[in-house]
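There are 2 protein chains.
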Amino acid sequence: MYIDKQGLAGLEKRRRAALVNSLSGFKSANLVGTASADGESNLAIVSSVFHLGADPALMGFISRPPSVDRHTLENIEALGEYTLNHVHADIVHAAHQTSARYPREVSEFAATGLTPLAAQTLRAPYVAESRVRLGLTLCEMKPVEVNNTVMVIGEIVEIHVPDTAVGEDGFIDLETLGTVAISGLDSYHRTEKVSRLSYAKPDRPPREIS
Amino acid sequence: MYIDKQGLAGLEKRRRAALVNSLSGFKSANLVGTASADGESNLAIVSSVFHLGADPALMGFISRPPSVDRHTLENIEALGEYTLNHVHADIVHAAHQTSARYPREVSEFAATGLTPLAAQTLRAPYVAESRVRLGLTLCEMKPVEVNNTVMVIGEIVEIHVPDTAVGEDGFIDLETLGTVAISGLDSYHRTEKVSRLSYAKPDRPPREIS
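Protein sequence lines, in the order shown, are assigned to chains Z and P. The numbering of the first sequence is the numbering used here, which starts it at 1 and goes up by one. The numbering of the second sequence is the numbering used here, which starts it at 1001 and goes up by one.
Think of the hints as simulated: they come from the structure by calculation, not from any bench. Incorrect hints may have been included.
Claimed, not checked - Taking lysine-lysine and the DSBU-like style, the derived pairs with C-alpha atoms no more than 35 Å apart in a straight line are:
(1) Lys1142(P) to Lys5(Z)
(2) Lys193(Z) to Lys1013(P)
(3) Lys1013(P) to Lys201(Z)
Claimed, not checked - Covered by chain Z, according to a simulated footprint, are these stretches of chain P (three or more residues, beta-carbon under 8 Å):
(4) 1012-1025
(5) 1052-1063
(6) 1175-1185
No experiment lies behind these values; they were computed from the predicted model shown. Backbone N, C-alpha and C define an ideal beta-carbon position, used for all residues, glycine too.
Looking at chain Z on its own, in the form it has when it is part of the complex (with noise of 0.2 Å):
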């Protein structure tokens, strides 16, 4: 099958999203934590969060622009922070279900039975129920003019993750604690390893490292 630009622009609307939502390979799978100065939490999942850089520890993630009512987005920018909680296989339904556009006083926390979590050093809530959860605090919110969407870029400040699945070279090991991938819009995946690979020199191949 081949698609050119005409032809990605014949497609029928609904289509199309699904198609080119399937076009990047699989995206993680987060529940963004966020309140608003009232107190007011909200839970919103994300599949666009990508790593930025190591050291400073950024994230960032892609959302629409908060014109159109995005609770998330003016709760990020009324305390200038989140959380990111990772969504594993037994929570996969509740997460998905904090997509429904519910109105603004109705928290996500409470219509899907996810249970907010106080973090440390910030406002904003966890999921007690994800086994990774980051908090956040707000760098810079970049506006992607080519398409009115916002990249917002945080600092990890706070991470929660089980000792038993880092490693002693600091790797998690996602798999075992049940992490999911997103394929498309709407679809949840687990995972089994194929390789992990020595760092890659030009004079020799890599290894399987166990």
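Mind docking chain P on chain Z? Use the hints.
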């Protein structure tokens, strides 16, 4: 395990890199194919490709700045185009090996045994072994000043994907194609479907889509 900002800063550099690279969750696995104005080809694995929008069809990825001898970024700037090629389980070793620091005159295609394939309308080469191949034209190289990286934004102008993997609704079954996900710096994973869920509405729970 709880780590705060000071704890992170105190970690040995490689350990911090491995830890922080694990925190965003599973990442996409793509090979970026480029060519220089002289026709020299280049291939590099990236784990930071993310969906930016479906109409127009836009994708982003994060790169270190071109100042540190980045052949990929220089080529994208020179020709204004590149390809993205999904990594599947059978080419994980070769794909990983493209991250070795080969001299400029060495093509990672020749060095790793992957096969260049001409695109329809672009000079940047595809990876013949990949089952999902995208051709993109450069929209913008957006500097991310906070850590001196670059967000490369491109528009998808060519799509190659096996017919059999594309559903009526546009969804691509990446799992049957063997597309892998990455965790941390060096771990590659197949996937196993947990759920595909219906569009979320406030007044009802999500149901499984088969």
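Against the structure, the hints:
1. A distance of roughly 23 Å separates the Cα atoms of lysine 1142(P) and lysine 5(Z); the hinted pair therefore holds under the 35 Å criterion.
2. Our distance criterion of 35 Å between C-alpha atoms is met by lysine 193(Z) and lysine 1013(P), whose separation comes to about 25 Å.
3. For the given pair, lysine 1013(P) sits about 19 Å from lysine 201(Z) by alpha-carbon distance, which is consistent with the 35 Å threshold.
4. Coverage of the stretch 1012-1025 of chain P by chain Z holds in this model, with 13 residues showing a Cβ closer than 8 Å to a Cβ of that chain against a need of three.
5. With 10 residues bearing a CB less than 8 Å from a CB of chain Z, the stretch 1052-1063 of chain P meets the requirement of three and the coverage assertion stands.
6. Only when three residues or more bring their CB closer than 8 Å to a CB of chain Z does the claim for the stretch 1175-1185 of chain P stand; here the count is 7, and the claim holds.
Hint compliance for this structure: every hint is met.
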